[in-house]
Amino acid sequence: MAALLALLRRDLALAYRQRAELMQPVLFFMLVISLFPLGVGPGPETLKMIGPGVIWVAAILSSLLGLERLFRDDFTDGSLEQLILSAVSLPAAALIKVLAHWLTSILPLIVISPLLALFLHLSEAMYWALLATLLLGTPLLSLIGAIAVALTIGLNRGGVLLALLLLPIFIPLLIFATSAVEAASMNLPFGAQLAFIGAMFLFSLALAPFAIAYALRVSQN
Amino acid sequence: MSVISAHDLSVIKRDRLLFERLSFDLCKGNLLYVKGPNGAGKTSLLRVLTGLVEPESGQVRFAQKHIKSCREEYNQQLVYFGHKLGINHSLSAVENLSYWCQQHHVKVCRQQIFTTLETLNLVGLEDIPAGNLSAGQQRRVALARFWLNNHARLWILDEPFTALDTQGIALLTEKLQDFLAAQGAVIMTSHQKLDFACTQELYLEYRL
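Chains A and B, in that order, are what the protein sequence lines are. Reminder that position 178 of the first sequence reads as 178 in this note's numbering, one-by-one numbering, no gaps. Reminder that position 127 of the second sequence reads as 1127 in this note's numbering, one-by-one numbering, no gaps.
One or more hints might be untrue.
[Stated by the list, open to error] Pulled from the structure, derived: some chain B residues nowhere near chain A, Cβ distances all over 12 angstroms:
1) S1057
2) Q1059
3) A1063
4) R1071
5) L1078
6) N1088
7) F1196
[Unchecked claim] Here's a subset of chain B near chain A, in silico, CB distances under 10 angstroms, partners left out:
8) R1016
9) R1047
10) E1072
11) N1075
12) G1082
13) S1090
14) N1096
15) S1098
16) C1101
17) D1127
18) P1129
19) N1132
20) L1133
[As the list claims (entries may be wrong)] Label-pair ranges, simulated between beta-carbon atoms:
21) A:I112 with B:E1174: 55 to 65 angstroms
22) B:G1136 with A:A199: 48 to 58 angstroms
23) B:N1150 with A:L167: 24 to 34 angstroms
24) A:G39 with B:D1015: 22 to 32 angstroms
25) B:S1069 with A:A92: 12 to 22 angstroms
26) A:L202 with B:E1073: 26 to 36 angstroms
27) A:L35 with B:I1012: 26 to 36 angstroms
28) A:R17 with B:E1174: 29 to 39 angstroms
29) A:W128 with B:G1136: 52 to 62 angstroms
30) A:A87 with B:H1191: 24 to 34 angstroms
Keep in mind the hints are simulated off the structure, nothing from the lab. C-beta: ideal position from N, C-alpha, C; glycine also.
I would like the entire structure built from these sequences, with the hints used as guidance.
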């Protein structure tokens, strides 16, 4: 347990030292979203209609931007080898690394999301639904993304391959999340959509750590 | 008593057979010196022995048990020093080592890390990012693990003398001799001539 806490502290300390790199996804997220009112016109009705989808697509794309950081440095400098050969169980370590990544790369996106909801004229009910889908859905991005990063880490320039692998997998998440916010905009209940996202999250939480650990071992070959 | 043994190991890398049916047995207090030309499979052999890479066939046993079945115990008894040092360039030497110790369940205080770095001639460089150190100094930081982890029984070293100056080589040689005298087992590769007698040698040939 102490070893896992140390790993979390290490990853958070590293993220703090490389904060310039961490700002990139946040800036990208803000820029993409602030371009939409300029591109499609500032009409509140149009913005309200496309808003939830725009925020979710931007969140998925910007999470892909920072995803490689998850294991890239550790792989190239050999820290990953030492981690595999350490006394910590690898699936638990993988889960800790995903947690650190979510806290440092995705949580900032959620923190600035109220401002962006304002840009896109989302109503209060829509914002709360959006927040709920983001909180439940973005850990899924990190968990599934980590499997793909672990698989492609041994390849040079795996970046594009990573996007090709991941984007199709995120489609169900995107559909349920935007449909929840749309339901909220019409004051309809959106519990069912949230339940689906929650189920996907719990399923990946249970299995992804083992898949990540396996992929990391394979990438050592 | 045997610490680590290999049974009929065969390793294939990128469709090339590196070696086949390789067996050896390494006992406490012994050093296995792996020799051979570049590309003969020395590094691959060491990585198979640590359990990082799966052999094509055969098995590695640690204290008579298959390393897959006792991975946690094996990892606690093993220190591996590979081509990649496992030193993060943004963290300082002290941070790198203290996180490494915590991950390996090695209990050390900050003071011990500082004294170890002093032994390795890194006074004054403890708190600057490891990326700013020279290649040799970074290797010294990575080598500090052998001083800090004192419950390991097996060391596996891949070309440990590369980029070290004569004083560094002398320090490491002395440390290796102490460890062997204290009933540790060592497996290493090197292109340099060893200053001390090794008990076992293994020569790998380059195969086409």
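To see whether the hints hold, each was checked on the structure:
1. S1057: 15 angstroms, holds
2. Q1059: 17 angstroms, holds
3. A1063: 16 angstroms, holds
4. R1071: For R1071 of chain B, whose nearest Cβ neighbour in chain A is about 9 angstroms away, the distance does not exceed 12 angstroms, so it is violated.
5. L1078: 6 angstroms, violated
6. N1088: It is violated; N1088 of chain B is separated from chain A by about 6 angstroms at its closest Cβ, not greater than 12 angstroms.
7. F1196: 26 angstroms, holds
8. R1016: 14 angstroms, violated
9. R1047: Hint holds; R1047 of chain B Cβ to chain A Cβ min 8 angstroms, cut 10 angstroms.
10. E1072: 6 angstroms, holds
11. N1075: This hint holds: N1075 of chain B lies near chain A, its Cβ roughly 5 angstroms from the closest one there, short of 10 angstroms.
12. G1082: 6 angstroms, holds
13. S1090: 5 angstroms, holds
14. N1096: With Cβ-Cβ at 9 angstroms, under 10 angstroms, it holds.
15. S1098: 8 angstroms, holds
16. C1101: It holds, given that the least Cβ distance between C1101 of chain B and chain A is near 9 angstroms, below 10 angstroms.
17. D1127: 13 angstroms, violated
18. P1129: OK, holds: P1129 of chain B within 10 angstroms of chain A, min 8 angstroms.
19. N1132: With Cβ-Cβ at 13 angstroms, over 10 angstroms, it is violated.
20. L1133: 13 angstroms, violated
21. A:I112 with B:E1174: 55 to 65 angstroms: Cβ of I112 of chain A to Cβ of E1174 of chain B: about 56 angstroms, so the range 55 to 65 angstroms holds.
22. B:G1136 with A:A199: 48 to 58 angstroms: 54 angstroms, holds
23. B:N1150 with A:L167: 24 to 34 angstroms: With a Cβ separation near 50 angstroms, N1150 of chain B and L167 of chain A fall outside 24 to 34 angstroms, so the hint is violated.
24. A:G39 with B:D1015: 22 to 32 angstroms: Violated, at about 52 angstroms.
25. B:S1069 with A:A92: 12 to 22 angstroms: Holds: the Cβ-Cβ distance is about 19 angstroms, inside 12 to 22 angstroms.
26. A:L202 with B:E1073: 26 to 36 angstroms: 32 angstroms, holds
27. A:L35 with B:I1012: 26 to 36 angstroms: 52 angstroms, violated
28. A:R17 with B:E1174: 29 to 39 angstroms: Because 35 angstroms falls inside the window, the suggested range holds.
29. A:W128 with B:G1136: 52 to 62 angstroms: Taking Cβ atoms as reference, W128 of chain A and G1136 of chain B lie about 58 angstroms apart, which means the hint holds.
30. A:A87 with B:H1191: 24 to 34 angstroms: With Cβ atoms ~32 angstroms apart, the hint holds.
Hints 4, 5, 6, 8, 17, 19, 20, 23, 24 and 27 from the list above are not met by this structure, while the remaining hints are.
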